[in-house]
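Protein chains: 2
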Amino acid sequence: MKGLNPDAGTPVPELVTEIKRDLLMPSSDISFFFNPRSIAIVGASPRPDSLSRIILESLKEMGFPGKIYPVNPKYEEILGLRCYASLKDIEDTIDIAVLALPAPKVPDALLEGLGKVKGAIVVSSGFKEIGDLGKELEAELKSLAETGGIRIMGPNCLGIYDTVSKVDTFFISPERIRKPDAGGLSILTQSGSFASLIVDEIAAEGIGVARIVSYGNRVDVDESECLSFLSEDEATKVVLLYVESVNNGRSFLEAASRCSEKKPVVAVKVGKKESGARAASSHTGAVAGSYEAYRAAFRKSGIIEVDGYEELKDACKVLNAYRPGSGNRVLIITNGGGIGISIADACESRGLVVPPLSETRKVRLLEKIPPFAAAGNPIDLTGHVLDEHYAEALKEAFSGEEYDMAIVAVLWGPPLITENLVDRVKEAVEALEATGATGATEEDRHKKPVLICSPGGAFTKKLAKKFEEKGLPVFATPESAARAAAILSVKTPRARRQEKGVF
Amino acid sequence: MKGLNPDAGTPVPELVTEIKRDLLMPSSDISFFFNPRSIAIVGASPRPDSLSRIILESLKEMGFPGKIYPVNPKYEEILGLRCYASLKDIEDTIDIAVLALPAPKVPDALLEGLGKVKGAIVVSSGFKEIGDLGKELEAELKSLAETGGIRIMGPNCLGIYDTVSKVDTFFISPERIRKPDAGGLSILTQSGSFASLIVDEIAAEGIGVARIVSYGNRVDVDESECLSFLSEDEATKVVLLYVESVNNGRSFLEAASRCSEKKPVVAVKVGKKESGARAASSHTGAVAGSYEAYRAAFRKSGIIEVDGYEELKDACKVLNAYRPGSGNRVLIITNGGGIGISIADACESRGLVVPPLSETRKVRLLEKIPPFAAAGNPIDLTGHVLDEHYAEALKEAFSGEEYDMAIVAVLWGPPLITENLVDRVKEAVEALEATGATGATEEDRHKKPVLICSPGGAFTKKLAKKFEEKGLPVFATPESAARAAAILSVKTPRARRQEKGVF
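From first to last, the protein sequence lines stand for chains C and S. Using this note's numbering, read the first sequence as starting at 5 and increasing by one per residue. Using this note's numbering, read the second sequence as starting at 5 and increasing by one per residue.
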């Protein structure tokens, strides 16, 4: 196949005519990337520090149930698997070929898989993002995708981390970066470093994921195609997008609108301002475009836009527990006056409202909480609070139609509360759900949201884990709780139609 | 002394005429609160869960070098200390009497110390914040302060945590709330729950404090008097204010202006919006006032205002390492394109600028960093980065006058960087300082700031500790790094005069 080397002068479109036509129709369905039966690792190496070795080990670690074919002419066997000299030597169709080679070697190696490889993930960098030489290489890849029948993810990407299909091409050291367990969150990102960062952060938070796609320079497969797949994907409950730019505005609008009809889609746009846009352009070689145009597109397609990294983390956490579309009336229950006021400030500055408690409820509640407690909104249970006061406050104030969600602030300083507080709060929430008071309908995600806000050090963090084990998400600052509440308050087009009774 | 009970009908002003006049002049100097030779604990109890027991143990734990006098007619001895039946039985002057009694008993108990007690800290709640009955009790305290010669902190407060004088009246469980070591940060707060929260958070961050005062309902001693003391206090390098309201606008402006001349003063105003202001009023019984008036006062007096709890935490961390007044031109060095862009976005949205690297420096730098790295601003060292590339980038780009501060983003995913990166960065910073390039002048706090931004999970947090041990503050999100940088960029009146050469 050396003769097929495009560097030798023969352009790719002419070469592919040598191959059987029917094998070369590129698939418009990219779902095989998320359900592969066979994976080849081209450029496989047994060296412990090599990218390919990390990928091979990750696939084993994940328990990938399909065939794995290492490819490298230098080896007979790698990690107990037969190693092939070239893609053409493998007597099987390959759903995904992972290219872990220096950029200049990638087109050649991939050409050898023509007619056999359905999809490729090119993890190598050194393409469009490095300038003219890289642009030429990337054009070769593009040509292969258009006329060679191979759908290509990347280059300059981490590829796929998928807890459903057990695929993991993220070549990141498990000693440094933890990966999350299975869950309902799926993420699409241009930036590979962002991908490795967010997996580490959400793993630390105990949030699970379905599919993460780092598509890098997106020479072929783009965010819109991935979004379309995720729309129909049952494992995906929430979609998160990290966007520097989009490939095709119209396709994106269509795909995003369809997806946001079915599940929440959250996006963060980076490269908003001058220097960021300049950097985004050099980062993946794409032009970042006007931020205002993106904002409008997000709004139009029902995407919930978040402002940056912190808000994105808040979104991951809160949408892991609740559905957005709640409305914007927040009840605040606290045992620290200052923190309650800070939460109220943070909520109101984000467009939420904190309406006072009704006089009837106030009178009833005052009989059940500590003397001198304030039955307003915030309800301040003060430093004299007991575990059960939280439950009483929730049951009395959150059982009606006055509030759309509750933020329960817990400071662990007050001496009379104990670790049982976690159970008391959980029981109160369940009791409200049982009576239908929290609006529980078809599934868990439609419950009226209760968010915990609990700032503090080591002891607080230990108890935060207990809350989260009970399915109650914990936010470590007033601002993060308010950001999460604001995300839940967003009325998506679907939520607006549901309110009107139009489904 | 039962006859002195104001409940019995004799008003306090008349009672105090019975006592020697010269002992009853209230001191306008409150510095004895921060350097007491003797402390009485009124309402002392050996019960393990009592407030007073926690205070007694804290004083011992801190190693308070003065005299400690427990007061309670029920006991002969508490924790090995002789216990007195009443303040009047103690044959010593008392610098601080801590009142840990139910609110209705406080005025009586304090009357017994007339002519002997210089200052009181009333930690009890149940005063103005609970309504009419409490208001009467509080008026009695006020009268005692005005005519009885006793300066009063509180009521409804935690009092003082002071690593200089070794005083700790914060009655919070050490199992739940950690307290910080000695350092240069001093904090004034109306809210006791805020006080216990912020000590826990900054202890977790390894930030040290000088004096923390929780003054609660401030029947007498107020924020302005405390600010005046902190202005002259050598142990205090930075002052942080948590403000729901101020007692006297004019005094506050004067005290804050004087203090901000000498050291950075940071304030957060809570109760900005409708519901928050409503809650603040019920919280310490004070009217929160118009937020706009506070903003104007902060600006006029050279106070750096922060927006909320997150920004306050960022301020604590960054002002623990650097002085504000840097200017607003930020250099960003990163090994992850996405995070670099996010930092640039976050900086620009906070009024900072991220100017491009000069062509000369760009050419020189490109020879020293990985191929395909981007020598812009951000400088993106990419996933191929080695430890020394960070040092090279800092030395080349941060040695001139083009940038006022640097944010160095470190993601630990890239395989070729090691833990030694921390030392390389520190050495580069020191090398720049040695040549005077970072503008190092009289003391550490005038260095050109280098902030680390390192988001991620457990491994990242471990390495963050290493950076902080070297005096390089670490921020866990692009937004927090940008907030910290924006705080440093604020030109205080003092910094502006220094620029003009007017001292």
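It is possible that some hints are incorrect.
Identical chains share a label here; the pair holds if one copy fits it or two copies do between them.
What the hints assert, rightly or not - Derived DSSO-like pairs: lysine-lysine, alpha-carbon spacing no greater than 30 Å straight-line:
1) K183 / K465
2) K399 / K277
3) K266 / K399
4) K183 / K241
5) K372 / K170
6) K304 / K366
7) K120 / K304
8) K92 / K266
9) K372 / K277
Just so you know, these hints were derived from the structure itself, not from any lab. Just so we're clear, the structure is a prediction, and the values are computed from it rather than from any experiment.
Here is how each hint holds up against the structure:
1. In this assembly of identical chains, the alpha carbons of K183 and K465 lie at most 30 Å apart whether taken from the same copy (21 Å) or from different copies (16 Å).
2. Taking identical chains as interchangeable, the C-alpha atoms of K399 and K277 lie at most 30 Å apart only when they sit on different chains, with a minimum of 27 Å there against 46 Å within one chain.
3. Proximity of K266 and K399 under a CA criterion of 30 Å is satisfied in neither setting, with 32 Å inside one chain copy and 51 Å between copies.
4. In the homo-oligomer, the alpha carbons of K183 and K241 lie at most 30 Å apart inside one protomer (19 Å), although the nearest pairing across protomers, at 42 Å, exceeds that limit.
5. For a Cα distance limit of 30 Å, the shortest separation of K372 from K170 qualifies neither inside one copy, at 52 Å, nor across copies, at 40 Å.
6. With identical chains, the CA atoms of K304 and K366 are never at most 30 Å apart, being 41 Å at best within one copy and 41 Å at best between copies.
7. Taking the closest pair of Cα atoms, K120 and K304 never come within 30 Å of each other, the shortest separation being 41 Å inside a single copy and 73 Å across copies.
8. Neither within a single protomer nor between protomers do K92 and K266 lie at most 30 Å apart by alpha-carbon distance, with minima of 41 Å and 75 Å respectively.
9. Taking the shortest alpha-carbon separations for K372 and K277, only the inter-copy value of 28 Å comes in at or below 30 Å, while the best intra-copy value is 52 Å.
Of the numbered hints listed earlier, those contradicted by the structure are 3, 5, 6, 7, 8.
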